[in-house]
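**Student:** Residue numbers (the working numbering), protein chains in the order written: chain A, -5 to 196; chain B, -7 to 145; chain C, 2 to 364.
Hints were generated in silico from the structure; no laboratory data involved.
Incorrect hints may have been included.
As the list claims (entries may be wrong) - Straight-line alpha carbon distances no greater than 25 angstroms define the calculated DSS-like cross-link-like pairs of lysine-lysine that follow:
| hint | chain 1 | residue 1 | chain 2 | residue 2 |
| --- | --- | --- | --- | --- |
| 1 | C | LYS355 | B | LYS130 |
| 2 | C | LYS19 | C | LYS66 |
| 3 | C | LYS99 | B | LYS40 |
| 4 | C | LYS19 | C | LYS363 |
| 5 | B | LYS122 | C | LYS99 |
| 6 | A | LYS131 | A | LYS141 |
| 7 | B | LYS71 | B | LYS122 |
| 8 | C | LYS99 | C | LYS111 |
| 9 | C | LYS339 | C | LYS66 |
| 10 | B | LYS130 | C | LYS339 |
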Amino acid sequence: MNSPEGVWSAVAQQQIFRATLTAMSSPGEIVRISADGTERASIAVLAALLDNSVTLCDYNGTLDESTRRFLQAQPAECKKANYVLAAASENPAVDFTVALGELAAPEAGATLILEGNRICASPNVARSSGTVDLCLKISGPGVNGVKTVELSGFRDQWFHRRAEWVADFPLGVDLLLVDAENLVCIPRSSAVALGESWATSR
Amino acid sequence: MTQIPRSTWIRALTAHPPSIVICLAAELSQNLRYSHKSLPQDGLSMLKMQDSVFGEAYYLGEFPISSAWIELHFPDGRKMDGAALVMSDSTELAIALAICDGVLAHEGPRSGDVATLVDEGMRIREEEDKVRNAMLAKTQVNFAALSSEEVDE
Amino acid sequence: MGYVAIKGGTAAIQQAAKLLEFLRADGSDQPLSAGDIQRQLRFLHSRVLSEGALYHPELCSLAIKQSLGDTLEAAFMLRAYRSTRARLCESPLHNTGKMRLIRRISAAFKNVPGGQMLGPTPDYTQRLFRLELLDESPESFQRVAREWMAGLIGVPEVPDSFPKVLDVLRTEGLLPDIQEPGVPFDVTREPIVFPLPRSAALYTMSRAETGSLLGLAYSNMRGYGDLHPTVAELRVGYLPVMLPSPATGEMVEAGEILMTECEIVCMYEKGENDTPAFGLGYGACFGHNETKAIAMAVLDRALQRGAKHGPQNPSEDAEFVLLHIDGTESMGFAAHYKMPHYVTFQSDLDRLRKAQQKSEVKA
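Input sequences plus hints: build the corresponding full structure.
**Tutor:** Now the structure itself:
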């Protein structure tokens, strides 16, 4: 009797969930997510987090019908969805909004999964890839001092918009940044500064 | 094939011990592949009822449910769906019922064996229905035995 | 000081659990099977099924077995298990017109459409002991079912479902109109804030501990209330559960649920259009639980009155009724008093001594 495999198996989902929890508890720490390489990290994380009681906005339509069925989440428009999946390689549209929650229910703020090319802690790796880089300096609860994350394929406007969304903490959005295999979480409680990347500073 | 309508196949097949259905499904899967169209799961469903005095909806309580929805790949190249929702904890049983459902509905290999199991299961259910019928019939009150009473309209 | 005493109890706690197991097993050769409990202790099983609020006959039997027959503990076990399970879906709207009946009676009318069928009931038995059951042999036990089954030959066929008794009254305009179903309230998911919709009351009562429900309903019957109910119809049977197939979208029978339903008719009062109509009450629950269903119907009617005219007695007060009938909640609170309260009580002692000293000084 063949059971669901890969990221759809209960064992894999437990592991992905634990990894996501670790990442969320230690903002800026890069965690390896992909279970067996067959699915992108974004789908792996969504598979672990979503069920039929939450809503999802697949903003760029990158999920196929079968994946959407397996995720079981109800579709919703971006400004209302519990979870939003978006491509980080393009800047957010001017009218792009997400749920920020309410004072009586700040947990209703959305979880935004941004998918880009590369996430790494080491500047050397990013520099050698030759792509446009962003450097995030993350501090705040769960971070010892400052943690630096180098991104490629992530447009900077996302982080300017994030600053607006979390300005009225505890309202806000929790960010999950993913590339093909890795995840880094930036909860709304974190402070994020955009620094010069190694590549652009050369 | 079977005369039993598809909506009653789960009722018929669950008249047998689950191991019999699971065993047949395992044999059927030797001649065909299948893939999941949705995540097979077991959990609970909430029973929504309509009260019969005012017609208002209310919940009566939860019951266990397992579900499976699969795409069967038959040796002749056809790809056909099978599905099952069953009041059970066992995802294994739901998948087995979905295999039987797909094979029988679309005349896959050994669909005759599934039809036989469905027919036998229905006979078991009919015996249960006979017992329930007897419970009613044997305890039906015969008011004709009472002497002159006015008839209530 | 108090915490040291609690920590030192680990060995005692482990032994207490083993002791329960010993009491369960000592003196018997054969353990009870799940099937034995479900069949031979049918009404106990049905009670726990409805109070556990989870229709899982096998686990219900296990809960009764594991708890040595403590219905509150057994219901608690079903609730605890339920809390570990994912909610996959909600069923479409079902109604009891589709029940495969085994019992159907009316106290309001003698001749009802389809007739009165007593089904399995002790209602008309004399409550005299059958002392021969103390010495029941396996042979005489097995003969009981065999003989009844042999008597099935020649039994006429009767329909297994019948029109509702109340529908007759409804066509004469004697009852309030049927309403739109609306969206039911899920007390397991939404916080309870009064005033609650009637659907919340029905679900809360369906899961309620039978004794609490009966006590409150009885208070109304005895005089802390004004209902004078008549049972229009009582049904016991198996409701087929229909769910849409993921493949075809068509309704498929996924299983069936044994349930009890009671409809009562009470004194008439003015309806919304000033025409008098009968008051109605409704009770339904998992399992074969007639007293519970009747009590539920009485309380449903009482709560409707309380909502309309303000509660005149405890059974009409929604907060009083709905917050005190859940067995797991009430038993849990009562049981917690057995847990160590050493530090709390020490502070009570200290305060009492200080208060006594003060009053002595004054004197």
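**Student:** Are the hints correct? Go through all of them and say.
**Tutor:** Evaluated hints:
1. C:LYS355 / B:LYS130: violated (74 angstroms)
2. C:LYS19 / C:LYS66: The given pair, whose Cα atoms are some 15 angstroms apart, holds under the 25 angstroms limit.
3. C:LYS99 / B:LYS40: Roughly 14 angstroms separates the two Cα atoms, so the pair holds.
4. C:LYS19 / C:LYS363: Outside the cut-off at roughly 55 angstroms; violated.
5. B:LYS122 / C:LYS99: Given pair LYS122 (chain B), LYS99 (chain C) holds - Cα atoms ~17 angstroms apart, limit 25 angstroms.
6. A:LYS131 / A:LYS141: holds (6 angstroms)
7. B:LYS71 / B:LYS122: Since the Cα atoms of LYS71 (chain B) and LYS122 (chain B) sit roughly 40 angstroms apart, the hinted pair is violated (cutoff 25 angstroms).
8. C:LYS99 / C:LYS111: At roughly 23 angstroms apart (the allowed maximum being 25 angstroms), LYS111 (chain C) and LYS99 (chain C) satisfy the hint.
9. C:LYS339 / C:LYS66: Roughly 24 angstroms between the alpha carbons, so the hint for LYS339 (chain C) and LYS66 (chain C) holds.
10. B:LYS130 / C:LYS339: Roughly 51 angstroms between the alpha carbons, so the hint for LYS130 (chain B) and LYS339 (chain C) is violated.
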